[in-house]
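Colleague: Take a look at the letters that make up each chain.
Number of protein chains: 2
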Amino acid sequence: MKLTQLFTKTTKNAPADETARNAQLLIQAGFIHKEMAGVYAYLPLGLRVLENIKTIVREEMNTVGGQELMMTTLQPKDIWEKTDRWDDKKVDNWFKTKLANGTELGVGLTHEEPVVDALSSFVTSYKDFPIYVYQIQNKFRNELRAKSGLLRGREFVMKDMYSLARNQAEHDELYEKAAEAYSRVYDRLGIGAITYRTYADGGIFTEKFSDEYQTISDIGEDTIYVDETKKIAVNKEVYTDENLAKLGLLKDSMVEKRGVEVGNIFPLETKYTDALGVYYTDEQGQRQSIVMGCYGIGVSRLMGVLAEHFSDDKGLVWPDAIAPAMVYIAQLGDEEKVLAEAEELYNQLMSAGIEALYDDRDLRAGQKFGDADLMGIPYRVVVSAKTVESGKHECKKRTESEVHLLDNDGILEFLITK
Amino acid sequence: MKLTQLFTKTTKNAPADETARNAQLLIQAGFIHKEMAGVYAYLPLGLRVLENIKTIVREEMNTVGGQELMMTTLQPKDIWEKTDRWDDKKVDNWFKTKLANGTELGVGLTHEEPVVDALSSFVTSYKDFPIYVYQIQNKFRNELRAKSGLLRGREFVMKDMYSLARNQAEHDELYEKAAEAYSRVYDRLGIGAITYRTYADGGIFTEKFSDEYQTISDIGEDTIYVDETKKIAVNKEVYTDENLAKLGLLKDSMVEKRGVEVGNIFPLETKYTDALGVYYTDEQGQRQSIVMGCYGIGVSRLMGVLAEHFSDDKGLVWPDAIAPAMVYIAQLGDEEKVLAEAEELYNQLMSAGIEALYDDRDLRAGQKFGDADLMGIPYRVVVSAKTVESGKHECKKRTESEVHLLDNDGILEFLITK
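From first to last, the protein sequence lines are chains A and B. For the first sequence, the working numbering assigns the number -7 to the initial residue and increments by one for each residue that follows. For the second sequence, the working numbering assigns the number -7 to the initial residue and increments by one for each residue that follows.
Because the hints were derived from the structure by calculation, they are not lab data. Among the hints, a few may not be true.
It does not matter which identical chain is used: a pair holds within one copy or between any two.
[Said to hold, decoys possible] Simulated crosslink set (SDA-like; lysine to any residue; CA at most 25 Å straight-line):
hint	residue 1	residue 2
1	Lys90	Glu73
2	Lys81	Gly94
3	Lys389	Tyr118
4	Lys388	Arg40
These numbers come from a predicted model, not from an experiment.
Just chain A, with the same shape it has in the complex:
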C-alpha cells in the first residue's frame, strides 16, 4: 500500500485518556480507534495485524480437526435458562436487548449453550464423535471497568472452540491435543518462551483444574507462580501446598510473576450437554452423556499483549508473522529517478508476495523513519538520490542498527532468506 493512499496518520502524542501502553502505541500508530472505553475499531493496518493473528489461530485449530462455524450474536433466553446462566444475578456481564415485541435477547458473551443446541440434531450416535467446532467472532461483555486497552474490552474478538467426546478418556485426548495446538499458536506469535500453561481453578462443578495460558507481563492482572525449568505455572488462586504436592512441584522452584491470561482451556464435563438434554446412543443402544471441553483464545487481547511485548521507545516492533507489512520503503526526495526506482522496488516486492508499505509522501527523512519505527514494520529500505546513484539501497532491520547496501535482487533475497 502507498502511504499517500492510506487515510490514517501517526500522531506524536499519546492519547490523554489511555494509560495502557498497547492502546497508546496502537492509537498513535493509527492502528485502532477508540469508540468508547473497552470498545475499539480496527483501522486498516490494525485490521491486518488482527487478521494475521486470526490466521495463525485458525490454522492451528484446523490442524487438530477443528470445524469452523459462526454462531450468532443475538441469543434467545430459553437455552440459557436451562443452564441457569440467564439471570443477571448468576452471570453479571450480559448485555441484553429486546425485540420490538418486548422479547428479551442476550448479546453473545460466550457460546456453550448455542453450540450444544445447534449440534444436537447432528450428534446423536457414537459414530458422530469426536468433534471439535470453533469460531472466531466478536464477543460482548458488560465489564464494570474496561481497562488496559485491548486487554479487557467490552467488545472483543475471541476464538472459542468446543470439543464433544463419548467419554472421559476420549475427552482427555481431545483436551491434550488442543493444548498442544495452543502451544503452537503462542510459539508462532513469538511469545512461546514467556507463555506458561498454568494450573487454575476448574470452576464449581469439577474437581479438576482448568488450564490457563499466561503470558508474563507487567500489565498482567494475575499472580502466577512459575517453575521455569519445567515450563509450568500455577495460578495464585490454587497455589496451595496440597495442590503443589498433587502436581509434583516444589515451592522452592516457584517464582512469583505477573501474567496476562491469553487463553484458557476448560473441562466442562457433562454439565452443558446434560442440562440441554443432548445425549448420544452408544453401540448397545444406550443413552449416554456427552463430555465437553471449551478452549478460548482472546484474539484482540493477544494483539494488545503483543503490542506491549514487542515495542521499544520508538514504537511497535511486530514479529514478521503478524506485521501489517514486511517492508517499509522510505523514498527520500522527489527526483524522477528516485520515484521510478522506489515504485519499481515496490512493485517487485508486491509481485513476490512481500507486503510493502511505500512511503511516497512529501515528508522529511526523519518523519518517515519515525513512522516506520512507530508502526513497527520489520524491515526498512531507503531509496534516495544517493542510493539510486550507487544502485544499492539501504536496507535495515527494525531491531538492528546495521545497514545493508543491496540492489533490488539483493533486497528480495535478504527478505526471503531472512
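Assemble the complex: chain A is given as a structure, and chain B must be docked to it using the hints.
Modeller: Quick look at chain B alone, frame taken from chain A:
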C-alpha cells in the same frame, strides 16, 4: 474435507417453520442453523459459501481503492444524536442495550456516523482525498417481521463502504467507480444478467435518485420496471412519467418485475459530515464541506438470493466461484482398492488446490448422490470397484447428465480447464 469428519448431516424434510426456499434448502443441506426468526448461524459448509461471497466483494472493493477497516457493534448515543438518528421515533429498528452504569448504547445497524467520527482526525486537508473505506460485518436490525430466510434478517452480514470527496464532481466520479465495482460483483456471482441497476428514491435530503441493485426473483419484495435492452430499471416508488422523461426511458419499453434489493448506493451529500462538524481545509485555507456516498451490499442476503436462484428440484446448484467445494468424491463400496483410490484422488485434488468433499461414509450410492446434489457441489466423481478396475472414474457436472470416464490426471485436467 472427509464427510465422516464433518459433523453436519443433510435431512430429507424441509423444516416446518420455514417457507422460504433458500432457508429450507440451506437448512436441509446442513449449511445454516436457525437460532431464532431472522437469526441464523453458519455451519461449516455454509460459512465457506459466505466467505467465498465476501472474498469476491472484498476483491472488488479493493480494486477501486477501498481500505478495509472494522468498526464496532457497540455504539455510543452522542454521535447518533448529532444526526437525529438515535430516537426510536426517527429510526425504528435499533437494538439498544445498556452499560452496567445505565448508559444507553446502540447495537450497530449501519455506520455512517461512527465512520465520519473515526475519520475526523485523519481527514483534515484537501490533500487527504479521495477516500473509500469499507467493512464486512454483522449488522443488527430490529425488524418487526423477519422473513424470507436469509433475505430479511435481524442479524446479517453486510459490506458497507463510504466515500469522502472534496466536492460534487469528485463525489460523482467515486460514485460511478463504485457502481462499476458493483456490476463486477454481481457478474462474478453469476447473477449479472438478472441484476439491474435501478433508479430509486434518494431520500428526504436530496433531489437525486439513489441506485439500487435489484435481482429479478419471485421472492422479491420490490416492484420494479425494467428496460431489458438498456439494462436499466426503475423502482415503483419513483416510477412516474416525469422521472421516465428525465431518465430518457419509454413507458412502452418497461416491463414489470419482482426484484430483491442486493445492493444500494446512495448520495449522502454533506448531511452526515456537516452534522458531525467534520470539514476539510482547501488550498486557500478555507473550511469546506465533505461530500459523502455510501455503498451497501447484503452479503448474507446474497447467499439467500443465490440459493433461491441456483437450485433445482434436487437441491442447491452453486456456481464454481462460491461453492463450498468444487468436487464431491462418492466412494462406493468398501473394498481396500476402492478406499485407496478414492483417498489418492482426494489427496491429488487437494494438493492441486481443488477443494474436494470426500464422501467416505458407509452409505448407499443413492444417498451419496442425493447429498452431492442437495449440497450443490459443481462436480461429482464416483470411485467404485468397477471404475477402479477400468482405471477410469465417473465424472459428472451437477448441471449435466453426461458422464465422463476419466483417470485421475484426466479428472484434474477436466476440472482445471472446465
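Colleague: Indicate, hint by hint, whether the structure satisfies it.
Modeller: Outcome of the hint check:
Proximity of Lys90 to Glu73 under the C-alpha cut-off of 25 Å is found in both arrangements, the shortest distances being 16 Å within a copy and 21 Å between copies. For a Cα distance limit of 25 Å, the shortest separation of Lys81 from Gly94 qualifies both inside one copy, at 21 Å, and across copies, at 16 Å. Taking identical chains as interchangeable, the C-alpha atoms of Lys389 and Tyr118 are never at most 25 Å apart, the minima being 54 Å within one chain and 34 Å between chains. Taking the shortest alpha-carbon separations for Lys388 and Arg40, only the intra-copy value of 22 Å comes in at or below 25 Å, while the best inter-copy value is 40 Å.
Hint compliance for this structure: hint 3 is the single one not met.
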